[in-house]
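Assemble the complex: chain A is given as a structure, and chain B must be docked to it using the hints.
What follows is the residue order along each chain.
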Amino acid sequence: MQRRQLLLYGAAGAGVLGLTLFVGWWRVDGPGAPEPKGQRPLPLSAMEFRLTDHEENEVGPGNLIGRPTMVFFGFTYCPDVCPTTLSDISGWLEELGDEASEMNVVFITVDPERDTVEAMAEYVGYFHPVIRGWTGPEDQIARAAEGFRASFERVPTEGGGYTMNHTASVFLFDAEGELVTMIDYHEPREFAVPKIRRALTEDVEGAT
Amino acid sequence: MVKKLRYTNALAVLFTVAGLSAPALAGSEDVVVENAWSRASIGVNRPGAAYMTVRNTGEDAVTLTGLATPLAMMPEIHESKTNSVGVSSMAPAGEITIEPGQSVALEPGGLHAMLMKLQEPMTEGENFPLTLTFSDGGKVTVEVPILGIAARGPEG
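Protein chains in written order, with full-length UniProt numbering: chain A, 1 to 208; chain B, 1 to 156.
No lab work stands behind these hints: they were computed from the structure.
Since we're looking at a predicted model, the values are computed, not measured.
Where is the CB? At the ideal position from N, CA and C, for every residue including glycine.
It cannot be assumed that every hint is accurate.
Okay, the calculated beta carbon distance ranges per label pair [to be verified]:
#, chain 1, residue 1, chain 2, residue 2, range
1, A, Gly66, B, Pro129, 44 to 54 Å
2, B, Gly148, A, Glu153, 22 to 32 Å
3, A, Glu122, B, Gly125, 14 to 24 Å
4, B, Val32, A, Pro43, 51 to 61 Å
5, A, Arg189, B, Gly148, 13 to 23 Å
Computed far set for chain B versus chain A, every beta-carbon distance over 12 Å [unchecked claim]:
#, residue
6, Glu120
7, Gly138
8, Glu143
Computed, partial: chain A to chain B, Cβ under 7 Å [said to hold, decoys possible]:
#, residue
9, Tyr77
10, Pro83
11, Ser90
12, Glu122
13, Thr163
14, Ser169
15, Tyr185
Extracted from the complex, chain A is given alone in its bound form:
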């Protein structure tokens, strides 16, 4: 009798445990999981913003459709992460050789207050010639970031100045403007260059 009761409790306990685990899975990893907060950028064709490139041309997401595209956010007063990203990208582009000229590569500033068209022109001039620098009014930068599901935030520094926290990933789109993949900051070059090639080949496949 006692043994039977014990078994019953045991079974009930196991059932509760199983249910708890199932509910937990459902909520965290399963179909009930909340959508990761705006992780996936929109297709370029669904974005809307107007900016100015470093040669004073009016530009927007529409200018990027037709060729594979690489986009990243940063600011020129950034001493570490941004020059590192820009020099990494320059390195990837060098490795791609002639293929690099078939791409749009755009650096969008998150600090338009300091990054004027002139500042962007001077800055991008130090990196691979394919890289374009885009700036513009703050509301347009915000709309661009929203489209890419990128974030940025102004943070005061002790010297009375400020720095910017920002999404440091590199976004890769195919020629039709669909997201192919993202390259995370710090991703080794042996992973980055094949990802860029994938964006380039998707273009070839789309064309045939």
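The following block gives chain B in isolation, referenced to the frame of chain A:
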């Protein structure tokens, strides 16, 4: 009496000398700085960054407490971090303790010597002295070469 006093004085001098040199013996003299490099700046308004490996070859832990250089009024060790959703941020790193036989790498995207309030532009091809200060009072000065803005490491 006079003789004794002299003896005491000598002892005091001895202790003072020992006291002065003792901190330097507590570790920082065994610090070796390798592969220092930095990127050229555009003008003086933007902060610069310098990188290096700080190696503790001694038998005591050392704590890096600060930086000094005539190039910048506010040199500080900062750390860049990128969180799980890919957002990068930067903050002062505070003091850095290096255990015996260990080293700390100041490298792009992580710890770096942030050179705020530049006194002059950082020009490619030039060098500047950077002094690392340790908690034992010791100082280590290195000459940091300035490479191009697009440099990726000590080799350029």
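Open item on the list: Check the structure against each numbered hint from earlier and tell me which ones fail, lowest number first.
Closed with: none
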